[in-house]
Amino acid sequence: GESVGLHLPTLSVQEGDNSIINCAYSNSASDYFIWYKQESGKGPQFIIDIRSNMDKRQGQRVTVLLNKTVKHLSLQIAATQPGDSAVYFCAEPPSVNMLTFGGGTRLMVKP
Amino acid sequence: EADIYQTPRYLVIGTGKKITLECSQTMGHDKMYWYQQDPGMELHLIHYSYGVNSTEKGDLSSESTVSRIRTEHFPLTLESARPSHTSQYLCASSTGRQEKLFFGSGTQLSVL
Chain S
1 GESVGLHLPT LSVQEGDNSI INCAYSNSAS DYFIWYKQES GKGPQFIIDI
51 RSNMDKRQGQ RVTVLLNKTV KHLSLQIAAT QPGDSAVYFC AEPPSVNMLT
101 FGGGTRLMVK P
Chain R
1001 EADIYQTPRY LVIGTGKKIT LECSQTMGHD KMYWYQQDPG MELHLIHYSY
1051 GVNSTEKGDL SSESTVSRIR TEHFPLTLES ARPSHTSQYL CASSTGRQEK
1101 LFFGSGTQLS VL
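Chains as they are written, first to last, in my numbering: chain S, 1 to 111; chain R, 1001 to 1112.
Source of the hints: derived by calculation from the structure; they are not laboratory data. For clarity, every value in this text was computed on a predicted model and none was experimentally measured. Every residue, glycine too, gets a C-beta built ideally from N, C-alpha and C. One or more hints might be untrue.
Below, a list of computed lysine-lysine pairs in the DSBU-like style, where the Cα atoms sit at most 30 Å apart [as the list claims (entries may be wrong)]:
id, chain 1, residue 1, chain 2, residue 2
1, R, Lys1057, S, Lys71
2, R, Lys1017, S, Lys42
3, R, Lys1017, R, Lys1057
4, R, Lys1018, S, Lys42
Facing chain S, according to a computed beta carbon distance under 10 Å, are these residues of chain R, among others [as the list claims (entries may be wrong)]:
id, residue
5, His1044
6, Leu1045
7, Glu1099
Some chain S residues well away from chain R (every beta-carbon gap over 12 Å; in silico) [claimed, not checked]:
id, residue
8, Gly16
9, Asp17
10, Gln58
11, Thr63
12, Leu66
13, Val70
14, Asp84
This is chain R alone, in the form it adopts within the complex (with noise of 0.2 Å):
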């Protein structure tokens, strides 16, 4: 069972408000990622670290942003939610080359 866990589980807030979803791992795992996914569809990466001072962002353009300062944490940020980011967003981890990765519960976001 994977050790990656992402706080809060359901969030609802106004919009232009400042929020941080967060995303920890305790495996050790160098490679995190942030995939956002709407109801019944496909998974979107985001943004991505490959370790500590490391983030790009992904094939998705996103407002969002990302930081690493611990190898273990991988908050995202949206420094002013809209509508259009009510979404769910899966945090994800692994370690390696080409390695499988261990994926939380997620966050279902509404921005009303």
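So here's chain S without its partners, still in its complex pose (with noise of 0.2 Å):
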């Protein structure tokens, strides 16, 4: 079929080390940010999120940083494994009840 959009740039690390996965955004008055995972042959799933009160959000092995000045945004990845090869989306609410995706990056973990 025709694709359409961009082919989604690529991070490979090493096992064990940390992954940075960057995001911007282009809507000022966005104030909640979600990151997505998605596995190859499955739909993305929910990793998490962040509103902007805030500049920093930490789950289990992940952290979400805020940049609401350049309007950036990061997921950072400790211990990359294997199981984190995926493709991870940023997205934003560019109105009251949509979601806008970014154009998402995969990351490829070498053993």
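Work from the hints to combine the two standalone chains into their complex.
As structure tokens, then:
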């Protein structure tokens, strides 16, 4: 079929290292952001979210950092494992009831 | 774990056939969505619904249609499939304002 959009960038890391995946957003009024993980052949799964009144939020092995000044979001994965290999999308709501997905980054973990 | 289901998981059909991709959720979510995604590419919103009898087209133009007769069910139909429709179709649902989406496993459609 005809492909739409851009091919995703790839981040390759060694198993055990930390991974940092970046995302830029466009709407300065966005007050909520979500990171999703999509494994091959599956639908995206929620990882972590953050509201704009926070700069940092931590989960299990994951941390999301929000820099509202430069409209930048990052997802940090500690001690990256082979099971972390997936495509990671950030999403923001351009309107009240809608989420817009960023381009995504493919994370490849080398054993 | 999300309770949103898509069938079929894989579908291979010939050009010109009419098909319906099924999506059901048991979470009572008002909002449901259809996304199209090519391998290794971005997600693109093609249809969404805020509730029963509410359907809207998304950002990406699509020749498909949707219906929302029941809260839990949001089927997508292609009246006459073409090879350009070959893609993965992902259904999602959410509740509330600016809440996270729950995704199904997707339907991989191949039109020959």
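Each hint tested on the structure:
About 28 Å separates the Cα atoms of R:Lys1057 and S:Lys71, which keeps this hinted pair within 30 Å; it holds. The hinted pair formed by R:Lys1017 and S:Lys42 meets the criterion: a straight-line CA distance of about 26 Å does not exceed 30 Å. As the CA atoms of R:Lys1017 and R:Lys1057 are separated by approximately 22 Å, the hinted pair is consistent with the 30 Å bound. Straight-line distance between C-alpha atoms of R:Lys1018 and S:Lys42 comes to about 25 Å, which keeps the hinted pair within the 30 Å bound.
Satisfaction of the interface hint for R:His1044 is found here, the shortest Cβ-Cβ separation to chain S being roughly 6 Å, below the 10 Å cut-off. The interface hint given for R:Leu1045 holds, since its Cβ lies 8 Å from the closest Cβ of chain S, which is under the 10 Å cut-off. Against a cut-off of 10 Å between C-beta atoms, the interface hint on R:Glu1099 holds, since the closest Cβ of chain S lies about 9 Å away. Every CB of chain R is more than 12 Å from the CB of S:Gly16 (nearest about 26 Å), matching its label as outside the interface.
With a closest Cβ-Cβ approach of about 23 Å to chain R, S:Asp17 is found to remain outside the 12 Å limit, as its non-interface label requires. The Cβ of S:Gln58 sits about 17 Å from the closest Cβ of chain R, beyond the 12 Å cut-off, so the non-interface label holds. Distance check for S:Thr63 against chain R: the nearest CB is about 18 Å away, which clears 12 Å, and the non-interface claim stands. At roughly 15 Å, the least C-beta separation between S:Leu66 and chain R is larger than 12 Å, which holds for a residue marked as non-interface.
With a cut of 12 Å on Cβ distances, S:Val70 stays outside the contact zone with chain R, its closest approach being about 22 Å. With a least beta-carbon separation of about 17 Å from chain R, S:Asp84 lies farther than 12 Å from that chain, consistent with its non-interface assignment.
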